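Number of protein chains: 2
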Amino acid sequence: MQAIQFFNGKFVPKESITFSIDDVGVLRGFGIFDYFKVYNGAPAFMEAHLNRFESSALLLGMEIPFSRNEIETAIFKIIQHNEFPLSGVKVLMTGGASPDGFSAGKPNLVITNTAVSETNPSFYAEGVSLMTHQFTREMPQVKTTNYATAVRLEPIWKQKGHIDVLYHDGHYISEVSRSNVFLVEGNKLITNEEGVLPGITRMNVVNLAPQLGFVVEVRPIALSEVLAAQEVFITSTNKKVMPVVKIDDQEIADGKVGAKTKLLMEGYAKLLAEETKQPSFQN
Amino acid sequence: MQAIQFFNGKFVPKESITFSIDDVGVLRGFGIFDYFKVYNGAPAFMEAHLNRFESSALLLGMEIPFSRNEIETAIFKIIQHNEFPLSGVKVLMTGGASPDGFSAGKPNLVITNTAVSETNPSFYAEGVSLMTHQFTREMPQVKTTNYATAVRLEPIWKQKGHIDVLYHDGHYISEVSRSNVFLVEGNKLITNEEGVLPGITRMNVVNLAPQLGFVVEVRPIALSEVLAAQEVFITSTNKKVMPVVKIDDQEIADGKVGAKTKLLMEGYAKLLAEETKQPSFQN
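Protein chains in written order, with our numbering: chain A, 139 to 421; chain B, 139 to 421.
One should not assume that every hint holds.
Copies of the same chain look alike in the list, so a pair counts if it works inside one copy or between any two.
Unchecked claim - Derived DSSO-like pairs (lysine-lysine); straight-line CA-CA distance at most 27 Å:
#1 K244 - K215
#2 K244 - K296
#3 K296 - K384
#4 K415 - K400
#5 K326 - K400
#6 K244 - K298
#7 K244 - K152
#8 K296 - K400
#9 K326 - K394
Keep in mind that the hints were calculated from the coordinates and are not lab data. Source: prediction; values computed, not measured.
Could you put the whole structure together from the sequences, leaning on the hints where they help?
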């Protein structure tokens, strides 16, 4: 059975979704998206992701050509049809065909549902390492399609054995290319807010923290603090709560996954099981 | 007769040029381009534009899937076939279909040739006005497809009666969204180089300046200096040498097109006529 996707009001196979050379999504990088996981037909935190998608559209001055209800109906239709045990849903909107090669046109709205594999379990058992790079993202609070710097850097961080890049401005960190950052200091979780994407997993971890005995401190974080932290982890839809044990050539603490990060990994897995009504989760 | 374009080695109508939902040009804004004008079949400064295209590819780590010779042959084929009196050629390369929604794939190369009209003559006779905006472009030296901030701002500057936006970092200017900036002070032309796209028209004006009695000074330019300048003009392929007479609500000098800017407009028109072997040009 062929998987279906949603493209401007129609349910079509993926091959039918194409963008013209006049689309400012192609020509001018003018597009937004959001992304969430679906576990046996149950979307995880869909409302929060669609809220953020609407906020991204508002901040770029784009009008979403379908109602929230139409979008949710389309999502349920494609995930029920496709029947993937584990998948991702991406809602993507480009600025549409431009009359002059620059001005936005009538937006194109696409919803894709793609089967995915679970992340490598060793990333959770052993922790991961990050490369640092001085760079400030444009419009960090908007989930635009602009990841040119990250895509350019990917072959470099892979070649060095890292799994992603941590951006900083020379003094303070902002975020990993597609994740938020947390430090652990005693019973404190420290995370930053300015100049970073308002992550949905980040929000869930912040909400979860008090039940697990943590106090959350939201403030700018210096790169030097990250390097000297007791524990470091990153959060995102794809990475969930992922321990970081090395940055560039330097180990974080003893280079092992920290006990408090493990507590949060378990806590988040439980939250995800509740949200998606699944029996249990393993990282 | 239908116009033809070049798409990955084939000569096709524009409608046949499409990008898939897996192309990192769409998904991740990973693409570069360059653009030049063609006057009665004669490309203007094509070599310089193709040199810059190659430099953009190198800086992003992208491999161009056709040789320089193949690209030039394709350009001449489409412009000779299309026979537009005045047109633009865009060479655009996207990162191609991604295996995982993030990593670049095999690049797609497109060359389009589109008929264009000459710019509104009143922009040269009366000068134009710009809006200012605090913003630092990512990878300014690379001609990427990322213009999301400019596309977002366009409805705002239009509504205020401006023709474009001048970026600054709070103190120093960088450039207009698609143009370089020059100030005139006595017989000096002042222009900046760091943090700006190496413009081809900018380069031509710099080379032309001595013959017209100007000395060129290349250095950072404060926004306050621009507002207090004797004359201001911007340069680009589309705008050529275009006088700026107002920024936000403030007139530059007496708000009229300056005599030295006129000299450079004429000088550049003459250079363009020589380059393209056209009888003469009017701004």
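- Which of the numbered hints are not met once you compare them with the structure shown? none
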